[in-house]
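Letter by letter, the chains look like this.
2 protein chains.
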Amino acid sequence: MTLANPTLVELTRADAVESEHRGRAVVMRSTGETIWSIGDTDRLTYPRSAIKAFQALPMVASGAPKAFGLDDIDLALTCASHEGEARHTEKVIEFLTKLGLSLTDLECGYHWPMGERATVDLAWSHHRPDARHNNCSGKHAGMLALARQEEWDHHGYSKADHPVQQAIRVCIERCCDTDLVHAPVSPDGCTAPTWAMPLHRLALGFARFADPHRLPTEFLEPAQALYSAATRNPFYVAGTGRYCTRMMMALNGRAFLKVGAEGVYIAALPEWKLGIALKMDSGSALAAEVAMSEILHRLGLPISPEERQPAIRNRNRIVTGEIRAVGSAFADIPNPD
Amino acid sequence: MTLANPTLVELTRADAVESEHRGRAVVMRSTGETIWSIGDTDRLTYPRSAIKAFQALPMVASGAPKAFGLDDIDLALTCASHEGEARHTEKVIEFLTKLGLSLTDLECGYHWPMGERATVDLAWSHHRPDARHNNCSGKHAGMLALARQEEWDHHGYSKADHPVQQAIRVCIERCCDTDLVHAPVSPDGCTAPTWAMPLHRLALGFARFADPHRLPTEFLEPAQALYSAATRNPFYVAGTGRYCTRMMMALNGRAFLKVGAEGVYIAALPEWKLGIALKMDSGSALAAEVAMSEILHRLGLPISPEERQPAIRNRNRIVTGEIRAVGSAFADIPNPD
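Listed in order, the protein sequences are those of chains A and B.
In terms of my numbering, the first sequence opens at residue 502 and continues consecutively.
In terms of my numbering, the second sequence opens at residue 502 and continues consecutively.
By construction, these hints were calculated from the structure, which means they are not laboratory data.
The model shown is predicted, which means the values in this text are computed figures rather than measured ones.
C-beta: ideal position from N, C-alpha, C; glycine also.
Hints are supplied without guarantee of correctness; some may be wrong.
Selected chain B positions facing chain A (Cβ under 10 Å, derived; list incomplete) [claimed, not checked]:
{"hint": "1", "residue": "503"}
{"hint": "2", "residue": "506"}
{"hint": "3", "residue": "516"}
{"hint": "4", "residue": "622"}
{"hint": "5", "residue": "624"}
{"hint": "6", "residue": "753"}
{"hint": "7", "residue": "754"}
{"hint": "8", "residue": "755"}
{"hint": "9", "residue": "815"}
The following label-pair restraints were derived from C-beta to C-beta distances [said to hold, decoys possible]:
{"hint": "10", "chain 1": "A", "residue 1": "625", "chain 2": "B", "residue 2": "516", "range": "35 to 45 Å"}
{"hint": "11", "chain 1": "B", "residue 1": "750", "chain 2": "A", "residue 2": "545", "range": "31 to 41 Å"}
{"hint": "12", "chain 1": "A", "residue 1": "741", "chain 2": "B", "residue 2": "617", "range": "15 to 25 Å"}
{"hint": "13", "chain 1": "B", "residue 1": "516", "chain 2": "A", "residue 2": "604", "range": "32 to 42 Å"}
{"hint": "14", "chain 1": "A", "residue 1": "807", "chain 2": "B", "residue 2": "819", "range": "52 to 62 Å"}
{"hint": "15", "chain 1": "B", "residue 1": "631", "chain 2": "A", "residue 2": "660", "range": "39 to 49 Å"}
{"hint": "16", "chain 1": "B", "residue 1": "626", "chain 2": "A", "residue 2": "741", "range": "17 to 27 Å"}
{"hint": "17", "chain 1": "A", "residue 1": "545", "chain 2": "B", "residue 2": "653", "range": "54 to 64 Å"}
{"hint": "18", "chain 1": "A", "residue 1": "622", "chain 2": "B", "residue 2": "631", "range": "15 to 25 Å"}
{"hint": "19", "chain 1": "B", "residue 1": "751", "chain 2": "A", "residue 2": "605", "range": "32 to 42 Å"}
{"hint": "20", "chain 1": "B", "residue 1": "545", "chain 2": "A", "residue 2": "667", "range": "51 to 61 Å"}
{"hint": "21", "chain 1": "B", "residue 1": "819", "chain 2": "A", "residue 2": "671", "range": "46 to 56 Å"}
{"hint": "22", "chain 1": "A", "residue 1": "680", "chain 2": "B", "residue 2": "625", "range": "11 to 21 Å"}
Stretches of chain A that chain B covers, calculated by requiring three or more beta carbons in the stretch to come under 8 Å of a beta carbon on chain B [as the list claims (entries may be wrong)]:
{"hint": "23", "region": "604–611"}
{"hint": "24", "region": "811–818"}
Go ahead and model the full structure; you've got the sequences and the hints to work with.
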């Protein structure tokens, strides 16, 4: 046996725990005060897609939305890991058209949609996926918008040394108060770089995103615009049945949530000026959702029992177990008021 | 920080470990001697689909294969979690026809095929999934074969109190030398029961499966028949590109391998009369594969570097990291000769 982050989420089957998910999480005020944490939150963590709002901030701050006539749905898509449903992909094409660009300018690669339903719909209609279906295509459209607005050659915009990515790096460094020059960096699933940072720096960034007066001045209004666009258009941040979409719909403007690959989740809560960042050690997305639900519930937000303790159903819809937070791990989350 | 099973597998991205998978594993001789173990192998573990060979044994021992003209592919399917490809589903229909039964007799429920490719192919051809596509449909056909051979009413054969499942329970108890009457039991994904047992009991069962003279006498020839059928027809145990299929093809009769849901894997190695059972705490199937590859490699089997350390590629096929065994966890696996 070795030392490890605590178990945050368990999966049960009948009378026994079948699987368990360890992890780390932190809740921070925009002042930098940690109000709760668990596990090793100093550990370097790749935020993956959870950082998308900060990848969009320099583009919004550049004036691109006004220059190209981008609307709130376009802005929501820049923060999205979307499901590749027709409503998503049609808007991505319109977004590119506003920039005077097209699908071939996207450098994100392609994949069948993340969700089975969207994959089946696409195949049923005898279409194959292209870059528009990549869950990051909205983010990439936003990166292209920054390049167009700054009149940078947009070719290679996804590479770490391109001015677009350098502008994003500096934005993240300033918003999250962290050094990325010496941080591990890797192409993400969509090839744009992802820089690792301590988990508490990610929480700080989203606490400030929830309280944008704490961000560098030029990002104040852009952060407000992105928060508003995403929370008013949660379908475009994820898609049908997805957790980010469900939760932002249910919380009706009280929280911005975003998943990242390999078990990362962030949230920004303006009413308390709080940021939350968590990472499941195993990379489980479902466990990350249950952990996030538990934190939001303990902070006082109205979270349904189904989000806190989802039932596991088998192929005949029989309930065989549940996924549940380990109560003791979250028991000392304080009242944020 | 709390005590935990050791990390067996890490996922890396650039210069950093991104995710980690803890787990437990045991390698046992058919005599019951543990030659290597790691983590808490006493812990009750649901074997899930890894137990399928033992769910098929009573049917083979009943004489059903001869009575109904079942061939080796039918037997391989009874041990399978298949991909739902056309070659699988056509054989399942033939299997049911041999029994004088049809699709509506299967009680496994249905789902879109586990693999994206098979799902896309099915949707592209404007078909919807039914029970034949359930990855357990071959196992269920085998359960129906036992009911027909014993002239039991096959309706409700998937319920824990049906004679079919009671015969399977007694078979597992005797082969794995474990008590299941007082064990946690739950409907599996396909509704047939799965009983939890200590991980080392699962390893013992498959060590005896590798050395069937150690099984109760009536299961000796049936175990040989199932081993031979599965290892000679590995496509029918899983499917295109799947780990069980790849490994059994590459090892060419030297090993029987089978995945179980939630990060379980078993193997049976006749040349050394060894059984292996492992369970990743997180339930990760990919981590279980890498851990199994590492154990087989350290025991002396020829395992390719790609199976031991698979590269992670992004949507543009760029290598972003790898999944690798933690060498120190496996360093003391002995030479089995």
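Results of checking the hints against the structure:
The interface hint given for residue 503 of chain B is met, as the beta carbon of that residue sits about 5 Å from the closest beta carbon of chain A, less than 10 Å. The beta carbon of residue 506 of chain B comes within 7 Å of a beta carbon in chain A, closer than 10 Å, and the hint placing it at the interface holds. Taking 10 Å as the C-beta cut-off, the interface hint given for residue 516 of chain B holds, the closest approach to chain A being about 4 Å. Annotation: interface hint on residue 622 of chain B holds; nearest CB of chain A at approximately 8 Å, less than 10 Å.
Among the interface hints, the one on residue 624 of chain B holds; its C-beta lies about 4 Å from the nearest C-beta in chain A, closer than the 10 Å criterion. The beta carbon of residue 753 of chain B comes no nearer than 33 Å to any beta carbon in chain A, farther than 10 Å, and the hint placing it at the interface is violated. Below 10 Å, beta-carbon pairs count as interface contacts, and residue 754 of chain B has none with chain A, the closest being about 32 Å; its hint is therefore violated. Look at residue 755 of chain B: its Cβ only gets to about 30 Å from chain A, farther than 10 Å, so that hint breaks.
The beta carbon of residue 815 of chain B comes within 5 Å of a beta carbon in chain A, closer than 10 Å, and the hint placing it at the interface holds. Between residue 625 of chain A and residue 516 of chain B the beta carbons are some 43 Å apart, a value that agrees with the proposed interval 35 to 45 Å. Distance hint check: the CB atoms of residue 750 of chain B and residue 545 of chain A are about 39 Å apart, consistent with the given range 31 to 41 Å. Roughly 18 Å separates the CB atoms of residue 741 of chain A and residue 617 of chain B, a value that falls within the hinted 15 to 25 Å.
Taking 32 to 42 Å as the suggested C-beta distance range, the pair residue 516 of chain B and residue 604 of chain A conforms, at roughly 33 Å. Take residue 807 of chain A and residue 819 of chain B: their Cβ atoms lie about 38 Å apart, and the range 52 to 62 Å is violated. Range check, residue 631 of chain B to residue 660 of chain A: Cβ separation about 47 Å, and the 39 to 49 Å hint holds. Between residue 626 of chain B and residue 741 of chain A the C-beta distance comes to about 24 Å, which sits within the given range of 17 to 27 Å.
Between residue 545 of chain A and residue 653 of chain B the CB atoms are about 59 Å apart, so this pair conforms to the stated range of 54 to 64 Å. Between residue 622 of chain A and residue 631 of chain B, the C-beta spacing of about 19 Å keeps the proposed range 15 to 25 Å intact. Restraint check, residue 751 of chain B to residue 605 of chain A: a C-beta distance of roughly 40 Å satisfies the suggested window 32 to 42 Å. A C-beta distance of roughly 53 Å is found between residue 545 of chain B and residue 667 of chain A, which places it inside the suggested range of 51 to 61 Å.
Between residue 819 of chain B and residue 671 of chain A the CB atoms are about 24 Å apart, so this pair departs from the stated range of 46 to 56 Å. In this structure, residue 680 of chain A and residue 625 of chain B break the distance hint of 11 to 21 Å, their C-beta atoms being roughly 49 Å apart. Beta-carbon proximity to chain B at under 8 Å applies to 4 residues in the region 604–611 of chain A; the threshold of 3 is reached and the given coverage holds. Beta-carbon proximity to chain B at under 8 Å applies to 4 residues in the region 811–818 of chain A; the threshold of 3 is reached and the given coverage holds.
Going down the numbered hints, you'll see the structure goes against 6, 7, 8, 14, 21, 22, while the others check out.
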